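Student: Numbering (the working numbering), first residue to last: 627 to 987.
Heads up, simulated DSS-like pairs for lysine-lysine below, C-alpha to C-alpha not over 25 Å straight-line:
id, residue 1, residue 2
1, K934, K977
2, K895, K934
3, K977, K895
4, K652, K738
Simulated DEER-style distance windows between Cβ atoms:
id, residue 1, residue 2, range
5, V811, L762, 37 to 47 Å
6, G816, Q841, 33 to 43 Å
7, E966, E761, 14 to 24 Å
8, L762, Q801, 55 to 65 Å
9, P666, T764, 55 to 65 Å
Hint data in this document are derived by calculation from the structure and do not stem from the laboratory. Here the structure is a predicted model, which is why all the values come from computation and not from measurement. Even glycine gets a Cβ: it sits at the ideal position worked out from N, Cα and C.
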Amino acid sequence: MVDSLSEVLFRTDELGRLVFLNDAWKDLSGFELDSARLHPLGDFLHPDDRMRARDAIRALLAGDAQEWTDELRLRTLAGEIRWVGITCRALRDGSGRESGIAGTIDDISARKIAEFSLRNLNQELESRVRSRTAELETAMRELEAFSYSVSHDLRAPLRAIDGFARILAEEAGPQLEERHRDQLVRIRAGAERMAILIDALIDLASVSRQPLRRQPVDLSRIAEGVIRDLQAESPGRAVAVEITRDMTVIADPVLMHVLLDNLLRNAWKFTSHCEHPRIVFGAAREGDRAVFHVEDNGAGFDMNYAGKLFQPFQRLHAQHEFPGTGIGLATVQRIVARHEGRVWASAEPGKGARFCFMLGH
Numbered sequence: 627m628v629d630s631l632s633e634v635l636f637r638t639d640e641l642g643r644l645v646f647l648n649d650a651w652k653d654l655s656g657f658e659l660d661s662a663r664l665h666p667l668g669d670f671l672h673p674d675d676r677m678r679a680r681d682a683i684r685a686l687l688a689g690d691a692q693e694w695t696d697e698l699r700l701r702t703l704a705g706e707i708r709w710v711g712i713t714c715r716a717l718r719d720g721s722g723r724e725s726g727i728a729g730t731i732d733d734i735s736a737r738k739i740a741e742f743s744l745r746n747l748n749q750e751l752e753s754r755v756r757s758r759t760a761e762l763e764t765a766m767r768e769l770e771a772f773s774y775s776v777s778h779d780l781r782a783p784l785r786a787i788d789g790f791a792r793i794l795a796e797e798a799g800p801q802l803e804e805r806h807r808d809q810l811v812r813i814r815a816g817a818e819r820m821a822i823l824i825d826a827l828i829d830l831a832s833v834s835r836q837p838l839r840r841q842p843v844d845l846s847r848i849a850e851g852v853i854r855d856l857q858a859e860s861p862g863r864a865v866a867v868e869i870t871r872d873m874t875v876i877a878d879p880v881l882m883h884v885l886l887d888n889l890l891r892n893a894w895k896f897t898s899h900c901e902h903p904r905i906v907f908g909a910a911r912e913g914d915r916a917v918f919h920v921e922d923n924g925a926g927f928d929m930n931y932a933g934k935l936f937q938p939f940q941r942l943h944a945q946h947e948f949p950g951t952g953i954g955l956a957t958v959q960r961i962v963a964r965h966e967g968r969v970w971a972s973a974e975p976g977k978g979a980r981f982c983f984m985l986g987h
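Could you build all of it, start to finish, from the sequences and the hints given here?
Tutor: Encoded structure:
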């Protein structure tokens, strides 16, 4: 019956020499049963595996181990290498002394080949991903550098346009028709909007270009400073503001200030039409990480368009209702991404919005 089994059954004596093998041994190794008997199992293994097998068998025969399971390389009579899985236990005689070992040997070559192929494929895929990622990062850096350069180069001609329009309005204004004076006003307003947009683009590029310096940062203190600035800019507004105290993170302090300035200014802006505006900055635990939120009871937005929120130049409200560049939330997303975190939002039109973010460890 044992000779009909596809797996090899073996037994050794107290010296570790093979004393029994079934017929499956010849099918696996090519060696005749008689030629293998009284040889240590290690004689048939790959040289790099012999020491490990010898040590394991010695441990079993010395009573230092109860069982040995391993994957080894077997050298066949034809010189081929086959991977085998071995499982064996120590045998004891009537007095309880180790008298040898017994176990099974299975041909696992097909599985090992599949594992090696999969590992090679994974390594190749990882290499390709690293290569593509490096190419993408290079392209992004070049694009950001281009945006930064172009934005800087546009400042001078914009100042010239605004300056000449102002001079023309001052010196020739009385002689111009009303429609021409209105056109000069429009030119200057357009130049001002473009200057604001260029500043926003430079800020967006700077967020990705500047080195990241992580250190303990008190988000509560930064938020309080931003709110003080907003109150100074709009002294006539009465906004109820709640800021949880002692919210700290390990992050870049400059970028955290930019992040909170954008989120809180958004909340301040979009509550400008509210009768009783309210802004909350707080945090909650999610597992071992903090989730921070800035919420308001302002204009809100339609969640069907939430996918556009963090893209540059995307606006969900008309410019005449709530002026802006469409760059602020894209800047927030870049900052959070640089800190290996994520940012998301929820809202309802007319009932406010809630922006959440968490930072990586």
